[in-house]
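What follows is the residue order along each chain.
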Amino acid sequence: MLDAFSRAVVAADSKTSPIGGEELASLKGFIAEGNKRLDAVNAIASNASCIVSDAVAGMICENTGLIQAGGNCYPNRRMAACLRDGEIVLRYITYALLSGDASVLEDRCLNGLKETYTALGVPLQSTGRAVGIMKAASIAHINNSNTEGNGGKRFRKMEMINGDCASISSEAASYFDRVISALS
Amino acid sequence: MKSVVTTVVTAADAAGRFPTTSDLESVQGSLQRASARLEAAEKLAANLDQVAQEAYDACIKKYSYLNNQGEANSTDTFKSKCLRDIKHYMRLVNYCLVVGGTGPLDEWGIAGQREVYRALNLPTAPYVEALTFARNRGCAPRDMSSQALVEYNSLLDYAINSLS
Chain P
1 MLDAFSRAVV AADSKTSPIG GEELASLKGF IAEGNKRLDA VNAIASNASC IVSDAVAGMI
61 CENTGLIQAG GNCYPNRRMA ACLRDGEIVL RYITYALLSG DASVLEDRCL NGLKETYTAL
121 GVPLQSTGRA VGIMKAASIA HINNSNTEGN GGKRFRKMEM INGDCASISS EAASYFDRVI
181 SALS
Chain C
1001 MKSVVTTVVT AADAAGRFPT TSDLESVQGS LQRASARLEA AEKLAANLDQ VAQEAYDACI
1061 KKYSYLNNQG EANSTDTFKS KCLRDIKHYM RLVNYCLVVG GTGPLDEWGI AGQREVYRAL
1121 NLPTAPYVEA LTFARNRGCA PRDMSSQALV EYNSLLDYAI NSLS
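Chain order of the listed sequences is P and C.
Here the first sequence is numbered in the numbering used here, starting from 1 and rising by one per residue.
Here the second sequence is numbered in the numbering used here, starting from 1001 and rising by one per residue.
No lab work stands behind these hints: they were computed from the structure.
Because the structure is a prediction, the values reported are computed rather than measured.
We put the beta carbon where it would ideally sit given N, CA and C, even for glycine.
Where hints are given, some of them may not hold.
Covered stretches of chain C (chain P as the covering partner; in silico rule of three or more C-beta atoms under 8 Å from a C-beta of chain P) [to be verified]:
1) 1021-1028
2) 1042-1054
3) 1092-1100
4) 1110-1121
5) 1135-1144
6) 1151-1159
Subject to a maximum C-alpha distance of 20 Å in a straight line, what follows is the list of computed EDC-like cross-link-like pairs (lysine to aspartate or glutamate) [to be verified]:
7) K1002/C - D107/P
8) K1002/C - D13/P
9) K153/P - E171/P
10) K15/P - E1054/C
11) K28/P - E1054/C
12) K1081/C - E1039/C
13) K1081/C - D13/P
Simulated DEER-style distance windows between Cβ atoms [said to hold, decoys possible]:
14) C1139/C - A25/P: 36 to 44 Å
15) E1107/C - G151/P: 45 to 53 Å
16) C1139/C - G151/P: 29 to 37 Å
17) M158/P - S1026/C: 42 to 50 Å
18) A1015/C - A173/P: 49 to 57 Å
19) S1145/C - Q125/P: 49 to 57 Å
Using the sequences provided together with the hints, build the complete structure.
So this is what it looks like as structure tokens:
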């Protein structure tokens, strides 16, 4: 498993050159923006069960066949498995976001996931849709841009200092996109 | 590769939980200390060739028998390889400063080091002398800030200990 720093080290080692100048500048940026990263991880982790259950519920609303007899979310047992998997995927995405590198997500979550789902008969398109909803919800939590209109009576605003979160939210989005493309 | 972040993530993954507040706190702690490390890494990277050359010269000066025929520093090829080895150690120290742990030195320097030097019939004392020279050569604030120098010296100490 690598993080942003060890990724730079592995890249430099392949050229047998020390790390200086440009690479160090980007790592310094990582440190300077570190608090945004920690806030972003906290925003997802603190709302994880909400993000996951909304995503699975949204996926089912768009395709109600999933909870009818024969559907892939039909008995509670399979619905529970679906919720559990959503939480696992989101958890690995928070790990990747915390370390600033996708290797933990790739190695421990996505490697072989598509083959496993195909073998188990899990519909990949629905899974991808659920991850897409998790992405939208997580980005809204990171940017703190959700409103009472979006959240309804369960709306809860996190108290944090607002700033420019464009780069961290696009980084988070890239990890969700990685999951979606691994499943399609 | 082991670092504060990967250690935290491994522990959280083993427990199957999201990163907790205390996980985030420990990552933040390492980020706060990181600027000194990166300063040392930057200064070392900029002057790595000179630092290695001085350390190499110092160890050859102390162990001048290495220049005798048949010894490890006798031919031009051997000389350049000796200097290259010192550069390798300095480069790994640079990596360790970036990562914030001894992972690169452990994995790429120390693992198998004893066996290699024994197989090639190389003495380790000159390496120790070269690294010790580098360790005592650094000076704050001439070369880097004192906190950066502490991080740099402690990694050199780690490398020296592995050889002695």
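Could you tell me which of the numbered hints above are not met by this structure, giving the numbers in increasing order?
4, 5, 6, 9, 10, 11, 12, 14, 16, 17 and 18
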